[in-house]
Amino acid sequence: NAGVMQNPRHLVRRRGQEARLRCSPMKGHSHVYWYRQLPEEGLKFMVYLQKENIIDESGMPKERFSAEFPKEGPSILRIQQVVRGDSAAYFCASSFDRGHSNQPQHFGDGTRLSIL
Amino acid sequence: DQQVKQNSPSLSVQEGRISILNCDYTNSMFDYFLWYKKYPAEGPTFLISISSIKDKNEDGRFTVFLNKSAKHLSLHIVPSQPGDSAVYFCAARGMGGSARQLTFGSGTQLTVLP
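Protein sequences appear in the order of chains G and P.
Just so we're aligned: the first sequence equals residues 1290 to 1405 in the working numbering.
Just so we're aligned: the second sequence equals residues 300 to 413 in the working numbering.
Wrong hints could be hidden among the right ones.
With a straight-line Cα cutoff of 25 Å, these simulated BS3-like cross-link-like pairs (lysine-lysine) come out [as the list claims (entries may be wrong)]:
| # | chain 1 | residue 1 | chain 2 | residue 2 |
| --- | --- | --- | --- | --- |
| 1 | P | K336 | P | K353 |
| 2 | P | K370 | P | K355 |
| 3 | P | K353 | P | K304 |
| 4 | G | K1340 | G | K1360 |
| 5 | P | K336 | G | K1333 |
| 6 | P | K367 | P | K353 |
| 7 | P | K370 | G | K1333 |
| 8 | P | K336 | G | K1316 |
| 9 | G | K1316 | G | K1360 |
| 10 | P | K367 | G | K1333 |
| 11 | P | K355 | P | K336 |
| 12 | G | K1316 | P | K353 |
I should point out that these hints are in silico values taken from the structure, not numbers from a laboratory.
Using the sequences and the hints given, assemble the complete structure.
What follows is the structure in structure tokens.
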């Protein structure tokens, strides 16, 4: 499967626990994006990363949320001390970029996070 | 502040007819527009895109039209098929090296009736 891979597909956590969401981009893609979708809403941008660098984190909550895309391995979105309001679908996307050419972002099937 | 708006939450169309999904935007700095289709419990699937230097892009049954002066784009699907039933999201991207985030509309649920 050459698509964007996200795991786990479903994650249940109790309030106060940590959630780790993983994303492996499409082969050859070096740009990763995380989005969050609340029920009945569109996707909202959180963070844009390239290998070992956070390029734009303007959509990330200031506390408890962090993201990384290490040199080896998948990108990780980490949510510490989860609260009920963190319940959502979290989608990862990747793209292949050549300078300023327009390349679409391709999405994984998401991680559905439920907070008890 | 919704910069990308899809004002119709739902649309029903008869099989074989044309489906027209609409999207409006407010940010004149957007220069690249995309349409995605989404089935329940799956991620958005890229359908078609258009650069701001064009006013039309066609790919098979899908055509996207862009009217920059009206800040409006539309997706035409013809002929519509029952398998097209899904939520359709319009998305836009700004200019600039780091401005690669997509801003999404809230989606339109398309139902194609057999």
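TODO: Please write out, lowest number first, the hints stated earlier that are contradicted by the structure.
DONE: Of the numbered hints, just 12 does not hold.
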